[in-house]
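Using the sequences and the hints given, assemble the complete structure.
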Amino acid sequence: MTEKFVLAIDQGTTSTRCIVFDRRGQLVSLAQQEHKQYFPRPGWVEHDAMEIWRNVERLAPRVLDRAGIGLDQVAALGIANQRETTVIWDRRTGLPAGRAIIWQDTRTDAMVHSLAASSVASDISDISGLPLATYFSGPRLRWMLDHTPGLRARAERGEVLCGTMETWLIWNLTGRAQHVTDVTNASRTMLLDVRGLDWSPRALDFFGIPRAMLPEVRPSIGGFGTASEAFPGVRIGAALGDQQAALFGQTCFTPGEAKCTYGTGSFLLLNTGTELVPPRNGLLSTVAYQIAGAPAVYALEGSIAITGSLVQWFRDQLELISTAPEIETLARTVTDNGGCYIVPAFSGLYAPYWRSEARGVIVGLTSYITKGHLARAVLEATAWQTREVVDAMNVNSGLTLTTLKVDGGMTADNLLMQMIADVLDVPVVRPLAVETVSLGAAYAAGLAVGYWPDLDGLRRNWHIAGQWMPAMDPAVRAGEYANWRRAVERTFDWIQPA
Amino acid sequence: MPGTVQAIERAAAILRTLAGGPGRLGLSEIARTLDLAKGTTHGILRTLQLVGFVEQDRVSGRYQLGGALLHLGTSYLDINELRSRSINWADPLAARSGEAVRIGTVLEGQVLVVHHVFRPDDTFQTLDVGTLLPLHATALGKVLLAYRAGGPAPDLPPFTRLTLTDPRALAVALERVRESGWAAEVEEMTLGQAAVAAPIRGYGGLVVGAIGISGPVDRLCDSRYRPRSRLVGYVRDAARAISRGLGVTR
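For the record, the sequence lines run as chains A and B. Mapping of the first sequence onto the numbering used here: residues 1 to 498, in sequence order. Mapping of the second sequence onto the numbering used here: residues 1 to 250, in sequence order.
By construction, these hints were calculated from the structure, which means they are not laboratory data. Positions of the beta carbon are idealized from the N, C-alpha and C atoms, including for glycine. You may find that some hints are simply not true.
As the list claims (entries may be wrong) - Computed Cβ-Cβ distance ranges for the label pairs, DEER-style: (1) Asp218(B) / Arg485(A): 42 to 48 Å; (2) Asp146(A) / Gly43(B): 49 to 55 Å; (3) Phe159(B) / Glu229(A): 55 to 61 Å.
Here it is as C-alpha cells:
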C-alpha cells in the first residue's frame with residue numbers, strides 16, 4: 001500500500017503556502033509564493049484575489065513534486081486562511097468585483113463610528129460576540145456595496161458572491177460548485193449569530209448585507225466538496241481561520257488550554273469549551289472549531305497588533321539589523337533594557353486596551369542607551385504585551401493559565417521565549433512543529449476523512465520540542481511590569497480628534 | 001601551472017573598483033572602468049550581491065561593497081539566523097529519529113550549541129542552547145573540523161577511553177568524514193551515548209554549521225557499534241534540506 005499524506009493550504013497575509021504532512025504530523029514538503037500588497041491610500045491594504053488563486057494553482061504541482069508523491073496519495077486537503085479579509089466576485093465570470101480588502105485595512109473607520117451611534121449596535125455585539133470595529137468583515141462588505149456603482153443591486157439579484165479567503169479558494173478549487181464558509185471564519189464577520197451558528201437576520205439588516213451574496217455556513221471539520229482544480233480529486237475536509245487552525249494544531253482541545261502564535265502580530269487563544277464566555281477587558285469571543293455533528297467549541301481571543309512587525313520595523317525602517325533573527329544577537333550585547341521601553345502602538349492598541357487614538361512611544365532615553373538596549377526593548381514589548389493579554393484572559397475566563405504553548409516564526413528567538421516565561425511566571429512550551437497553522441488545517445482535514453481516528457490520536461502526535469522555565473526575580477518582574485504600564489499610559493490620547 | 005579563472009579575476013577587479021570608488025558606482029561606470037561588456041559585469045555583480053559581497057542601493061540602483069566582506073574573518077552566518085532557518089527541518093528530524101537534535105557552529109575552538117530540540121518523548125529535558133562542546137570528541141565537532149582549513153587544536157583531552165586523543169587518528173577520522181559526508185561519535189564524549197552529524201552548507205558550499213542527533217548507543221548503533229543507516233539518512237536529509245534553504249543548489 002502506498003503511504004498517504006495530508007495537504008494544507010495556508011493562505012496568509014503576505015504569502016500562500018502549501019505543505020504536505022505525514023501521519024506523525026511532520027512536515028514533508030513546503031512550497032510558498034508571496035503575493036503583492038496594495039496600499040492605495042494611507043490605512044488601505046488590498047490583495048488581488050485572482051493572484052492568490054493563481055498562486056495556489058502554481059504551488060500545487062510544486063509541493064507534490066517536492067514530496068515525491070502523486071495526487072492519489074493525498075488523503076485530504078485542509079485550508080487555513082488570513083481572517084476577515086473579504087472579496088466580492090461575479091458568480092458567472094468568476095472575476096473579483098475589486099481587490100480584496102484585508103484585515104489590516106482601516107477605511108471603514110468613519111462608517112464604524114457612525115454605526116456605533118445606533119441603539120442596536122450593542123445588540124449586534126452580543127449576537128456576534130465581537131465589538132464593533134473596522135477589524136471585521138461585515139463593515140468591509142458594507143463599504144464595498146456602498147462604494148462600487150451598481151454592486152448592491154447585483155448582490156440583491158444574486159449575481160455576485162462574497163466571502164473570506166477560504167470561501168474564495170473553495171469556490172475555485174471545486175470548479176465553482178461550492179459557495180461555503182466555515183463557522184470560525186464566519187464568526188469573524190459580525191454577521192454570524194455566534195450561538196446559533198448561522199447568519200443573523202438582525203446583523204445582516206444592521207449592516208445592510210443581502211443574504212443572497214453570502215456563503216453557506218458549515219462546520220469547520222466535515223465536508224467542503226472535492227477539488228476539481230489545482231488538486232483534482234482531493235477531498236476538502238476542513239477550513240479554519242488561521243489562528244483557530246493554530247489552536248487546533250497545538251491540540252488545545254480541552255477548556256483552559258491556550259496557545260499564542262507569534263508572527264507579524266500575535267494571537268492568544270484560550271479554549272473555553274462548548275459554552276461561549278461573554279468577552280470583557282478587550283478580549284473577543286470566537287468559534288474555535290466545530291466538528292460536523294458535534295457542538296461548536298469556543299475560544300477567548302486576545303490579539304496584539306504589533307510584535308514581529310516591530311522587529312521588521314527595526315530592520316527595514318531603522319536598518320539596525322539586516323535580518324529579523326539578528327535582533328536576538330543585538331539584544332544579547334547588553335544584559336538589560338537600560339531603562340528604555342518601546343510601546344509599538346503604531347495604529348493604536350489592541351487587547352486589552354482597544355485604543356485607536358494611541359500612538360507608539362520610546363521612553364526612558366538617556367545618553368547611555370545603545371542599539372542593543374533598543375533591541376532588548378523591542379523583544380520585551382512582545383513579552384509585556386503577552387502578559388497584559390494573559391492577565392485579561394485569566395480574569396475573564398476564571399481560569400489560570402499554567403503553561404503557554406507557543407508557535408510561529410518568533411519562537412526561534414530563544415531570548416524572547418525566556419523573556420515571556422519570565423514575565424508570565426509560567427513555563428513556555430514550543431511543540432515539535434512550528435508550522436501549527438498549516439498543521440491545524442491538516443489535522444482537521446485528516447480527521448474529517450478518517451486519516452486520523454480521533455482527537456486523542458492527534459494529541460499523541462504533540463511533543464515538547466523546547467521549554468523555557470521562568471527565572472526572573474519576582475521583585476524585578478513587578479518593577480518592570482509597573483514601568484511597562486507607565487510607558488503604555490504615555491501612548492494614550494496622542495491622536496487628537498480633528 | 002593550472003590556468004586561471006577569468007570570472008574570478010573580473011570579480012576581484014570589480015570589488016577593487018568598488019573599494020576604490022568615491023561611494024556607490026553605477027553599472028555603466030563599473031563596466032567602462034574595467035572595459036567589460038555590461039551584460040558580463042551585471043552577471044558578476046548579481047552573483048557578488050547574492051553572496052553578500054556587493055550591495056545595490058534600492059533607490060539609485062548603484063552598487064557598493066557589501067557587509068559580508070567586513071565579516072569575512074568571522075562567521076558569516078549569524079547564529080540566530082542559522083537557528084531560524086533550520087528550525088523547520090530540525091523538528092521533523094527529531095520526530096523521525098526519536099532522538100534529541102542539536103545544531104552547532106564553531107566558537108573559539110569549541111562547538112557552540114545554537115539550537116536544541118528535545119527528544120520527543122515528553123520527559124523532562126533542559127535546553128542547552130549556548131553550551132560549548134569539544135570539537136574532537138563530538139559528532140558535531142568532527143563535522144565542523146573536517147570542513148575547516150587548518151588543523152585541529154593541538155591539545156586533545158580525553159573524555160572517555162574512546163576519545164580520539166592522537167592527532168593522526170583524528171586526521172584519519174576527519175578524512176573519513178569528508179569522504180562519507182557525515183560523522184559519528186560512539187562513547188567518545190560520554191559513556192553509553194552516541195551521536196551522528198552532517199554538515200549544513202551555505203552559498204558556495206561553505207560549511208556554516210552541523211546538525212546531528214544524539215542518544216543511547218543501543219538505540220543509535222547496531223550490534224557492531226556502527227550508527228544505523230536509517231538514522232544517518234535522516235540526519236543527512238535534514239542537513240541537505242537546511243542547506244537548500246540557505247541557497248545551496250546541489
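Okay, the hints, checked on the actual structure:
| no. | hint | in the structure |
| --- | --- | --- |
| 1 | Asp218(B) / Arg485(A): 42 to 48 Å | 54 Å, violated |
| 2 | Asp146(A) / Gly43(B): 49 to 55 Å | 52 Å, holds |
| 3 | Phe159(B) / Glu229(A): 55 to 61 Å | 59 Å, holds |
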